[in-house]
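Enquirer: Residue numbers (my numbering), protein chains in the order written: chain E, 1 to 477; chain P, 478 to 734.
Any given hint could be a false lead.
Simulated pairs of lysine-lysine, BS3-like, Cα-Cα distance not exceeding 30 Å [claimed, not checked]:
#1 E:K162 to E:K26
#2 E:K346 to P:K608
#3 E:K200 to E:K315
#4 P:K546 to E:K393
#5 E:K57 to E:K203
#6 P:K608 to P:K584
#7 E:K393 to P:K608
#8 P:K583 to E:K115
#9 E:K393 to E:K26
#10 E:K315 to E:K304
#11 E:K393 to E:K377
#12 E:K200 to E:K100
Hint data in this document are derived by calculation from the structure and do not stem from the laboratory.
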Amino acid sequence: MGEMVELKKELLGGVDLAEQLLGREKPVKVEVEIKGKITKDMIEEISRIKKEPEWMKRLRLRSLELFYKLPWPKWLTGIESINLEEMVLYSRPEVQGPAKSWDELPKEIREYYEKLGLPELEARFLSGLSTVFDSETVYARVKKYLEEKGVIVLPMEEAVRKYPDLVKQYFMRIFPPSDHKFAALHGALWSGGTFIYVPKGVKIREPIESFFLIGRSGEGQFEHSLIVADEGAYVEWIEGCSAPRLSRFSFHDGMVEAYAHRNATIKIITVQNWSKDVINLNNKRGIAEDGARIDWIEGSIGSKITYVYPSTVLKGDNSATRNTVVTIAKGPHIKDSGSKVIHVGKNTRSQIINKTISADGGINIYRGIVRVLRGAKNATANVECESLILDDKSKAHTYPHNQVDEPTASVNHEATTGRLTEQQLFYLTSRGLDEDEAKSLVVLGFLDEILGELPFEYAQVLTRVVQLEFSKYGAFG
Amino acid sequence: MGLEVVNLTARIGEKTVLKNVSLNVNYGEVHAIMGPNGSGKSSLAYVIMGREIYEVVDGDILLDGESIKDLPPEERAIKGIFLAMQDPPQVPGVRLSSLIIAAANKKLGGEGELGRPRDPRILKRMMELAKEIGLDPSILQREVNVGFSGGERKRSEILQALLLDPKIVILDEPDSGLDIDGIKIVAQYINKLREQGKGVMLITHYARLLQYVKPDRVTVLIGGEVVATDGYELARLVEEKGYAYVKQAFRKGSAQG
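Make the full structure from the sequences, and use the hints.
Expert: Below, the structure is given as structure tokens:
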């Protein structure tokens with residue numbers, strides 16, 4: 001083996017993927033920082049900073065009350081160690097308004113985005129891009145044709161100020177703060193995120209992306225995105241997350257709400273690659289009206305612990321959803337995931353594909369729910385859970401839950417667990433692949449059908465990420 | 478030059494499976510290893526390839542005079558040893574073409590993505606060769622050994638042996654489960670490997686295949702020990718008289734000799 005290879009191995013020992021990409025956290029100038037006990041005063045201050053209308057301030061305060069009232073969710077374990085009062089709950093970097101060009105950003109922030117390849121992706125592939133750094137949107141730009149077609153893509157705060165009546169109809173009505181304690185916390189502290197509204201009949205084929213970066217230790221990020229597709233509209237939204245290596249834990253409690261009106265289609269793709277110091281809780285829910293469709297593709301790779309359950313309420317007749325969730329738990333990390341679908345309308349269709357990969361002691365847990373309400377005639381639901389376990393130290397658990405109250409509904413569930421055996425590993429290594437390469441080949445094969453569904457650029461990103469995860473040095477060079 | 482197995486003793490768990498085995502596989506020769514079931518033939522193949530569940534207790538394995546005993550399987554493969562397994566495992570999700578491309582890339586050396594061929598000619602060659610050895614080229618798009626028939630599995634192993642261009646090819650019962658036409662095709666390619674100057678270690682417990690591949694040398698392994706090594710006649714003796722006779726005869730022979 002070459003000296004260079006040895007050197008790279010050494011350099012990368014014990015380094016996680018996000019760190020390989022973004023390095024360690026670097027100081028960034030902060031303009032406003034809020035921490036301490038979460039009080040009414042704190043919430044009012046955040047609302048004031050954001051120059052919010054009264055209704056939003058009231059929503060925050062109502063959420064705060066709920067946060068203190070609601071019990072600790074039973075399903076949320078392992079994050080008790082977070083002391084919210086020690087965290088920075090709002091942090092605004094020193095950036096003038098959301099920048100419209102990369103040059104306007106401070107060098108240390110711009111460099112992160114350059115390492116992530118965002119300027120290039122934006123130019124080649126996206127119709128709009130917003131980036132949130134800590135608590136605020138620092139960059140936002142959309143291609144001109146979106147504006148011409150009446151598509152609104154704005155930082156969430158700006159949308160609240162400019163289009164209050166529109167935003168109000170949906171904001172935390174799809175995922176109410178009363179849902180659980182941390183949905184309430186999110187409602188009180190939300191900051192940053194993207195609002196997208198696509199008018200009737202407008203179809204946007206080039207995706208819009210929002211990228212969320214946590215740039216410092218001991219921070220809470222509570223971004224809120226809301227995607228509304230009016231009748232017959234089509235939109236794809238991509239959500240990326242990452243963080244450099246932090247010296248202390250940070251906490252992410254974000255929310256995505258999606259509303260697809262009659263015959264509209266919303267496709268949401270997430271590539272989550274937080275560094276291993278981030279505890280990642282997501283709240284994701286969409287509502288589909290008659291004939292509408294909401295698809296989620298969730299690729300969850302990074303973080304210490306992730307909780308993610310993309311959910312769709314099939315409210316209208318003939319509405320459909322497809323939830324594809326891929327999680328990789330490699331090393332001492334936990335991925336707790338599961339898709340949820342509630343069938344309300346007639347002839348509603350759902351497909352859930354959940355694939356988990358556990359390696360080096362990683363634990364994957366699937367907890368999904370399919371509910372078919374009485375009256376959802378001829379609803380069909382297919383759930384496929386596949387787990388791949390790469391060694392004896394790692395685990396995968398599957399807890400599917402179906403509740404079917406409609407006799408004409410058809411709900412199918414299939415679960416398979418594959419374990420990479422010594423014989424398979426020997427076979428692959430006997431062909432010249434080292435153990436990591438053999439594993440990455442098996443993992444990529446396991447994900448083959450999902451990679452095929454992703455836009456090419458993101459399939460490439462995910463492929464590279466998998467190869468990096470399973471190879472100490474292979475992707476360099 | 479070639480492969481030398483020198484006084485090799487190996488075990489799996491507490492069980493000793495090879496006892497003081499010595500043999501050579503020379504380039505341009507076929508060395509048949511014969512023996513009844515459970516005689517240690519497959520263990521020998523695995524130990525040469527470096528399967529980690531086996532432990533080498535004593536002895537050495539040399540390739541071109543250089544010890545490979547302590548190398549992991551992938552390095553032995555890159556140095557030029559190929560094992561066609563008797564019953565290769567299914568590898569769900571991984572397409573045969575992906576495995577071949579990754580393996581060929583490793584063989585070529587250098588760094589870069591494993592999924593993209595470093596020498597694009599491999600794509601054409603695998604299609605052509607697959608057809609040549611009687612495989613429908615669509616097999617390349619199927620998952621490795623998943624749903625393959627017995628014959629497809631054997632031929633897929635031979636296909637890989639031909640494509641990866643090793644120095645030493647170990648074929649563990651490439652004839653088992655094949656009909657006579659299948660055996661003839663496999664034999665044809667074993668002869669081809671020999672003509673190409675490769676050293677072939679051919680494991681079989683029936684002499685049937687040896688009607689079509691005349692080995693240059695035959696070793697009989699029983700109970701993990703070499704009981705006889707000789708030319709082609711030894712295979713015929715096994716065929717006519719059986720292993721028990723050969724064991725007796727050669728024991729006597731060595732006692733007298």
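Enquirer: Next, verify each hint and record whether it holds.
Expert: Hint by hint, here is what the structure shows:
no. : hint             : verdict
1   : E:K162 to E:K26  : 34 Å, violated
2   : E:K346 to P:K608 : 51 Å, violated
3   : E:K200 to E:K315 : 19 Å, holds
4   : P:K546 to E:K393 : 28 Å, holds
5   : E:K57 to E:K203  : 34 Å, violated
6   : P:K608 to P:K584 : 23 Å, holds
7   : E:K393 to P:K608 : 42 Å, violated
8   : P:K583 to E:K115 : 29 Å, holds
9   : E:K393 to E:K26  : 35 Å, violated
10  : E:K315 to E:K304 : 35 Å, violated
11  : E:K393 to E:K377 : 45 Å, violated
12  : E:K200 to E:K100 : 27 Å, holds
Checked against the numbered hints given earlier, this structure breaks hints 1, 2, 5, 7, 9, 10, 11; the rest are met.
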